[in-house]
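Q: Make a model of the complete structure from these sequences and hints.
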Amino acid sequence: MAQEYKFVFTADEAASEGVTEPERLLTLITKVLSLALAPISKYKVGAVGLASSGRVYVGVNISFPGLPLHHSIHATQFLVTNLALNSEKGLRELGRPHGVLITVPLG
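The sequence shown runs 1 to 107 under the UniProt record's numbering.
Hint data in this document are derived by calculation from the structure and do not stem from the laboratory. We treat Cβ as the ideally placed atom computed from N, Cα and C, and that holds for glycine. Some hints here could point you the wrong way.
To be verified - In silico DSSO-like pairs for lysine-lysine, Cα to Cα no more than 27 Å straight-line: (1) 6 / 44; (2) 89 / 42; (3) 31 / 44; (4) 89 / 6; (5) 42 / 31; (6) 31 / 89; (7) 31 / 6.
To be verified - Here are the in silico distance ranges between beta carbons for each label pair: (8) 66 / 92: 36 to 46 Å; (9) 90 / 17: 14 to 24 Å; (10) 73 / 30: 32 to 42 Å; (11) 77 / 34: 13 to 23 Å; (12) 34 / 11: 21 to 31 Å; (13) 89 / 42: 33 to 43 Å.
A: Here it is in structure tokens:
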């Protein structure tokens, strides 16, 4: 069974999800929370980023049963790793929970 959402969206896919401008990035956070794995805290967190390529990347928190919480992966850590694994050169916007949108300086 294919998952409903994924961790990388092309610009066209993001637009079909309603992300047509940076301010709309936050609309994806609630949609991708189902990808978070938080069996310990039960508190799911998501982060989204608009890369310089125009693609939109997602990060979610992950915790591991039987391990201390400091072994958890934070949503922003996941997002940055996702960018690196996909050879992105830059991040233009970062959307965090609670309606926080950060414009990342270029250069």
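Q: Run every hint past the structure and note whether it holds.
A: To see whether the hints hold, each was checked on the structure:
For the suggested pair residue 6 and residue 44, the alpha carbons sit about 16 Å apart, so the restraint of at most 27 Å is met. Proposed proximity of residue 89 and residue 42 is contradicted: the alpha carbons are some 33 Å apart, above 27 Å. Under the criterion of a C-alpha separation no larger than 27 Å, the hint pairing residue 31 with residue 44 is consistent with the structure, at around 12 Å. Only pairs whose Cα atoms come within 27 Å are accepted, and residue 89 paired with residue 6 is accepted, the gap being roughly 20 Å.
Between residue 42 and residue 31 the alpha-carbon distance is near 17 Å, which keeps this suggested pair within the 27 Å criterion. Taken as a hint, the residue 31 and residue 89 pair is honoured in the structure, with Cα atoms around 26 Å apart against an allowance of 27 Å. A threshold of 27 Å between alpha carbons decides the hint, and for residue 31 with residue 6 the separation of about 10 Å falls inside it, so the pair holds. The supplied range of 36 to 46 Å is met by residue 66 and residue 92, whose beta-carbon atoms lie about 38 Å from each other.
Checked against the hint of 14 to 24 Å, the pair residue 90 and residue 17 passes, with Cβ atoms roughly 22 Å apart. A C-beta distance of roughly 20 Å is found between residue 73 and residue 30, which places it outside the suggested range of 32 to 42 Å. A C-beta distance of roughly 19 Å is found between residue 77 and residue 34, which places it inside the suggested range of 13 to 23 Å. The supplied range of 21 to 31 Å is met by residue 34 and residue 11, whose beta-carbon atoms lie about 23 Å from each other.
Separated by about 36 Å at the C-beta atoms, residue 89 and residue 42 satisfy the suggested range of 33 to 43 Å.
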